[in-house]
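Following the hints, complete the assembly by docking chain S onto the known chain V.
Here the protein sequences come in this chain order: V and S.
Residue numbers for the first sequence, in our numbering: 17 to 401.
Residue numbers for the second sequence, in our numbering: 94 to 361.
Think of the hints as simulated: they come from the structure by calculation, not from any bench.
Keep in mind that the hints are not guaranteed to be accurate.
Derived DSSO-like pairs: lysine-lysine, alpha-carbon spacing no greater than 27 Å straight-line [to be verified]:
1) K192(S) <-> K206(V)
2) K194(S) <-> K140(V)
3) K25(V) <-> K351(S)
4) K145(V) <-> K192(S)
5) K351(S) <-> K261(S)
6) K117(S) <-> K145(V)
7) K243(V) <-> K355(S)
8) K259(V) <-> K59(V)
9) K59(V) <-> K258(V)
Covered stretches of chain S (chain V as the covering partner; in silico rule of three or more C-beta atoms under 8 Å from a C-beta of chain V) [claimed, not checked]:
10) 103–110
11) 193–200
12) 350–361
Facing chain S, from chain V, some residues (calculated, C-beta under 8 Å) [said to hold, decoys possible]:
13) F33
14) A92
15) I94
16) E96
17) G117
Just so it is clear, CB atoms sit at the ideal spot from N, CA and C, and this is done for glycine as well.
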Amino acid sequence: MSSRVVRVKVDHVTKRFKIPHEQTRSLKQTVVNFRKRGFEEFKVLDDVSFEIYEGEFFGILGRNGSGKSTLLKLLAGIYEPTEGKITVNGNLTPFIELGVGFNAELTGRENVFLNGAILGLTQKEIEQKYNDIVAFAELERFMDQKLKNYSSGMLVRLAFSIAIQAHNAILLIDEVLAVGDERFQDKCIKVFAKIKKDPTKTVVFVSHDMGAVQRFCDRAAVVHDGKLEFVGNSAEAALRYKKLNFPETILNEGVPESELPVRAKLTDANGKRKNLFKHGESVVVRLDWEPNDRIQNVGVALFRDDGQYVFGTNTVVDKYKLSGNSLEYTFQANMGSGRYYVQVGFFGETDSDKVYFITEGPQFTVSSADAWGGLTHLIHEWKNV
Amino acid sequence: MRLPKFFTPQNQTLLRQLVITDFKLRYQGSMLGYLWSLLKPLLLFSVLYVVFTYVLPVGKDVPHYPAYLLLGIVLWTFFVEATSLGMGSIVGRGDLIRKVKISKPAIVIASTLSAGVNLCLNLLVVVLFMVLTSAELQPEFIYFPFLIIELVLFALAASLFLSALYVKFRDIAPIWEVILQIMFYATPIIYPLTLVKSETLLSIISLNPVAQILQDARYILITPETITTHQVLPLWLSIGIPIVSLSVLIVVSILFFKKSAKSFAENL
Numbered sequence: 017m018s019s020r021v022v023r024v025k026v027d028h029v030t031k032r033f034k035i036p037h038e039q040t041r042s043l044k045q046t047v048v049n050f051r052k053r054g055f056e057e058f059k060v061l062d063d064v065s066f067e068i069y070e071g072e073f074f075g076i077l078g079r080n081g082s083g084k085s086t087l088l089k090l091l092a093g094i095y096e097p098t099e100g101k102i103t104v105n106g107n108l109t110p111f112i113e114l115g116v117g118f119n120a121e122l123t124g125r126e127n128v129f130l131n132g133a134i135l136g137l138t139q140k141e142i143e144q145k146y147n148d149i150v151a152f153a154e155l156e157r158f159m160d161q162k163l164k165n166y167s168s169g170m171l172v173r174l175a176f177s178i179a180i181q182a183h184n185a186i187l188l189i190d191e192v193l194a195v196g197d198e199r200f201q202d203k204c205i206k207v208f209a210k211i212k213k214d215p216t217k218t219v220v221f222v223s224h225d226m227g228a229v230q231r232f233c234d235r236a237a238v239v240h241d242g243k244l245e246f247v248g249n250s251a252e253a254a255l256r257y258k259k260l261n262f263p264e265t266i267l268n269e270g271v272p273e274s275e276l277p278v279r280a281k282l283t284d285a286n287g288k289r290k291n292l293f294k295h296g297e298s299v300v301v302r303l304d305w306e307p308n309d310r311i312q313n314v315g316v317a318l319f320r321d322d323g324q325y326v327f328g329t330n331t332v333v334d335k336y337k338l339s340g341n342s343l344e345y346t347f348q349a350n351m352g353s354g355r356y357y358v359q360v361g362f363f364g365e366t367d368s369d370k371v372y373f374i375t376e377g378p379q380f381t382v383s384s385a386d387a388w389g390g391l392t393h394l395i396h397e398w399k400n401v
Numbered sequence: 094m095r096l097p098k099f100f101t102p103q104n105q106t107l108l109r110q111l112v113i114t115d116f117k118l119r120y121q122g123s124m125l126g127y128l129w130s131l132l133k134p135l136l137l138f139s140v141l142y143v144v145f146t147y148v149l150p151v152g153k154d155v156p157h158y159p160a161y162l163l164l165g166i167v168l169w170t171f172f173v174e175a176t177s178l179g180m181g182s183i184v185g186r187g188d189l190i191r192k193v194k195i196s197k198p199a200i201v202i203a204s205t206l207s208a209g210v211n212l213c214l215n216l217l218v219v220v221l222f223m224v225l226t227s228a229e230l231q232p233e234f235i236y237f238p239f240l241i242i243e244l245v246l247f248a249l250a251a252s253l254f255l256s257a258l259y260v261k262f263r264d265i266a267p268i269w270e271v272i273l274q275i276m277f278y279a280t281p282i283i284y285p286l287t288l289v290k291s292e293t294l295l296s297i298i299s300l301n302p303v304a305q306i307l308q309d310a311r312y313i314l315i316t317p318e319t320i321t322t323h324q325v326l327p328l329w330l331s332i333g334i335p336i337v338s339l340s341v342l343i344v345v346s347i348l349f350f351k352k353s354a355k356s357f358a359e360n361l
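One chain only, chain V, in its complex shape (with noise of 0.2 Å):
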């Protein structure tokens, strides 16, 4: 590992934000503040340190408010770190927003070289890079006109065209980006795989999906509350990031949800556990649990292993009402093939009153014989007309 060229190098990274009480930008407003401290500081990050070697796709895992929008600013050399370094060895190619600076009142050719310039092209560059540049975007009968004229979809293909065909030693990724219809977006999913096959090509991605984390990454970092909780292996980073942010396991006061008052278990629906079930098959999910006055509403729901929110319900939704300590609750494995996880909540007058709250419970999974895809079976019919 230590012989791998390091192409990010962040050390001791601690960025500071200064936000003032009232935003002065008037001079009177500064002359009458001038004695009294005007701003706060916010620490978005603390202490960062990690490296990004070549060839790696490197994910970054991080909520809203974790610091991670934060750190990708600063990898793309937008913000300055407060405290430590920044090293980026290599051109770096930010796909934060695409088209920056894209003027509606010029044409696609000119909009081009204004891009380009902005990404750090030179003239030279543009022009050998052009043809291609409108061939990947599939305008080349537009380019003489107004981008005012394009649909979204044209300057969506556009930008993603300028931007891969720039120097793209380090691709910064920001999982915003969803671009075009579907067949750009195959084009531009099949761009990214031959970047993931090249061992000169290293890939930044932020986001906060740690199942499309799992999936790309090779490696990845877990930003949390401005921390570096986790560099490493990316299903890892995963747990970890699952076990920071969904800390409904503390609000069990405290208790493990293995000790909960609670049992759930698995059976099919002559009432034998079970946890290998044929697509279709009835599953139930049943439940006992100690008597509490508090419990009003209990829920369940469906998630694929890699997080993936497939179904959920409650007593209160479906308008059921309880009585007792235990419960069946049955539904149709109508889902694809693949492992699963049950949660299982129970609530009070509120849904953020959790009692007791099981985030990951009984596991099972779904087999289905038949060639067809995706995350459910939809009724459905086709019909020669």
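Relative to the frame of chain V, chain S by itself:
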């Protein structure tokens, strides 16, 4: 701002594209287009010319007064335009600064260069007027580019300072407008220095580096009868003040800009 690091091919391209875009967009949708660049100072000139020839005849003793007046207006217009565009440049390009890593000095320099493009067009009109009024071109006219460089550097340094200040203090815009108004009358643009009778006032006016540039330009391009600041002040002062003030302004502006630029993205 280490200079050799700044003039990379990337930044040159950026400057070029910013200036071209600015020029293309400025008169977008107007029928006369680029002609407005020429018409604006010409219209101002016509008004001032009528007023100061027929109503208040301050220019009656000045040889080639039309060319004399126009040259003053064109150079002054450049200074006003460059500093006003420059002041708003960083705030105006906030969208870029918040979203990509971009050379911030390049944005300010581009605004000065945009005003410079207009200056060049306007100087063509000045040449036309020089021919029409058969101005007395002096052999020293070859120094004219140096005067332009001096003026551009003044405008650029002021723009760097103002643009960084404008990010935090929006009040600077009206303040600068007032300062420009005062400078317009404190600089011998419409009146010749011969009309200033008070010795003290004459010396004070001559301390203004813009007055030095204007009067020198008129002396070498229009008529040697122009009173230059070198005739009013001792030579060490008339040359020393522009050099020292320009150097100080450049150093202070660059340091201030460099310090502020680090947090532009957060403050915009």
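Hint check:
1. K192(S) <-> K206(V): holds (26 Å)
2. K194(S) <-> K140(V): Since the Cα atoms of K194(S) and K140(V) sit roughly 20 Å apart, the hinted pair holds (cutoff 27 Å).
3. K25(V) <-> K351(S): holds (24 Å)
4. K145(V) <-> K192(S): Status holds; Cα separation ~23 Å.
5. K351(S) <-> K261(S): Roughly 15 Å between the alpha carbons, so the hint for K351(S) and K261(S) holds.
6. K117(S) <-> K145(V): holds (23 Å)
7. K243(V) <-> K355(S): Since the Cα atoms of K243(V) and K355(S) sit roughly 23 Å apart, the hinted pair holds (cutoff 27 Å).
8. K259(V) <-> K59(V): holds (23 Å)
9. K59(V) <-> K258(V): holds (23 Å)
10. 103–110: holds (count 6)
11. 193–200: Satisfied; 3 residues make the cut.
12. 350–361: The restraint on the stretch 350–361 of chain S holds, since 4 of its residues have a Cβ under 8 Å from chain V and three suffice.
13. F33: Given a least distance of 6 Å, the restraint on F33(V) holds.
14. A92: With Cβ-Cβ at 6 Å, under 8 Å, it holds.
15. I94: Holds, about 5 Å.
16. E96: With a minimum Cβ separation of about 5 Å from chain S (threshold 8 Å), the hint on E96(V) holds.
17. G117: holds (5 Å)
Taken one by one, the earlier hints all hold for this structure without exception.
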